[in-house]
Amino acid sequence: MTDVQAIVLALLQGVSELFPISSLGHTILLPAILHWNNINRADPTFLAFIVVLHLGTALALIVFYYRQWVRIVRAMVASLIRGKLSNDRDERVGWLLVVGTIPVGILGVVFQDPVRALFSSPGPVALFLAANGLVMFAGEALRRRQLASPQRADRPIEDLSFVQSVWVGIAQSLALLPGISRSGASMVAGLLCDLDHEDAAHYSFLLATPVILAASLLEIPKLAAPGAHVVLAQALAGGVVAAIAAYASVAFLTRYFKSNDLRPFGWYCLLAGIACFILTRMGVLT
Amino acid sequence: MKPIALLLAVLFFIAGLLYGLGTINFFTKSGTEHAHHVSHLVICWVLSLLCLVWYRFQGSPSR
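Residue numbers (this note's numbering), protein chains in the order written: chain A, 10 to 295; chain B, -4 to 58.
Only chain B is shown next, with the shape it has when bound in the complex (with noise of 0.2 Å):
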């Protein structure tokens, strides 16, 4: 599973630049409004931060 979490938070990540940047519009109200851009990008980030917390949660011995 750890590959997977890897992927997805690259993923993730790189969706959400692409809707700050404005090259993506997909689930948007208008497409070209920018603060709802901007929480397309903040709930992308949000998920591949999730996901690299997934990844960290699988990688460790305990203590």
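The shape of chain A in the complex, shown without the other chains (with noise of 0.2 Å):
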């Protein structure tokens, strides 16, 4: 991997975590439009790369969201302690995010492996990308529909039920589908329980942030793999410029959906897997 390409997927890997878009199908997608031939995704110095770049995104979000995640563990803290659950808002959202973890974490670890080896080629990330865009499309008509419900009114994040912090989970597990993204499947989520497109990005901003970071700390001893200190300074340089992208990204995003909705994510997404889809049967993505 040359220099320039580990500041590109970095890059790729920062920004695309955060927006709906999928970062495990844009960093499967972009090598192969661009004939980057030369990276084994199975390679150990490529995996140990992957994992700086993760820890670089999940310290973004930590410094990002940094004081409310301070009163989230304190909160948190104070009820263990209490034994019981307040109405303290942190304290909510606090276990609101642990119940919503435990469902990506199961499918995580038990499904993650399978279903890479089945669908990481360029044809099957390039449609579940396209789907990624219906399903965006399917929540803000959703949405909409729920708009137009007299009974029905926006509510903040702490009051979500514990069920429905397990179905954002869950819907965030479609992740492990490369082209299917993260927050844009649990900010859907969120938008049908009845947060606004603020609140569904700020949760699901939150709720990625334990998993991207258990997911790298699990892979640290990848690190320490035969060969992947020759990468050591391009992971590191590539974990930097991931962290600021991520950043920007956080910084963007929260600004972005005090006012619009995920459809250009939508059609953006949508657009780039049917063409990349078309690529591949054309024989050009390999």
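Calculated from the structure, these hints are not laboratory results.
Small disclaimer: the values here were computed from a predicted structure and weren't measured.
Heads up, none of these hints are tricks.
Not the full set, but computed from the structure, chain A residues with beta-carbon under 8 Å of chain B:
1) Val107
2) Gly114
3) Val118
4) Val119
5) Leu227
Simulated restraints, written as ranges between beta carbons of each label pair:
6) B:Asn20 with A:Asn49: 26 to 34 Å
7) A:Gly92 with B:Leu2: 18 to 26 Å
8) A:Leu280 with B:Asn20: 37 to 45 Å
9) A:Arg272 with B:Leu1: 43 to 51 Å
10) B:Ile19 with A:Gly236: 26 to 34 Å
11) A:Gly236 with B:Leu2: 44 to 52 Å
12) A:Leu43 with B:Leu1: 48 to 56 Å
Not close to chain B: a few residues of chain A, all C-beta gaps over 12 Å, as computed:
13) Asp163
14) Ile179
15) Ala246
Don't be surprised by glycine CBs; every beta carbon is placed ideally from N, CA and C.
Fit the two chains together into the complex; they arrive one by one in their own frames, and the hints show the way.
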């Protein structure tokens, strides 16, 4: 992997992890489009590189929401000591995040490897990317239908039920399929649980943080793989680039979703997915 | 529900231990890969810890 490839992949990872466009899908499709045949996704050195990019992304999310995480952890510890849930907003959000993380933790450990072994070639990834676009359109359409109902009103994150948080977590698990976006799926689920776009994005980013962090921490032994030290400098530079890109992305998206919806990302995923699938069928992407 | 929470905590802890020792291989990729067993061990112990949290929230009276 050249330095330019490393920086491009880091930038792509940092941005696409938080934009609802599937980071995994893009890191499979872009090297295929650019014919970067020197990149072997199964190579231990490449896996070590990816681990550092994920760490960078997770750290960016933690830094962005640092104050809220401190409040959440404090409130959760207090509730544990007390042995009773209270009406504290941060405590409630903290336990909702814990409950919402359980499905992706279990499903990720059990299904990640077989799913990725089956669907990590450009053809299926392109189809899943298009499906990701359709999921966002469907989510927006269902939300508009909900808004038309007179009984319905937006609710804050802390008013989610634990069952709803589990559903959002299950939706997030769809991102095990390369091409389906973690943030897109969890945002759509959040919208269907009566969160507005801003809160759905906020909850999606909070929910993604422990998952990305835990996944990268579990993979840290890969940094000790034979030959991994060769890409250490590239990995560190890539980690910094991914962190900066992720921070800028979350800052942009939190503003964007104050007054916008998922449809532009839906169009992008649908068109990019269809285009990549056609290129795959033509033999251009391999 | 308290006994169920405690029972599940113990079961998940033992399952994690067995994954760590390589005694059980359910839902693992190859059944032999070390890193994969570690992830199963970790998820089992996290679930065990969460069961203890569940137990705790059913335990004490409020302030």
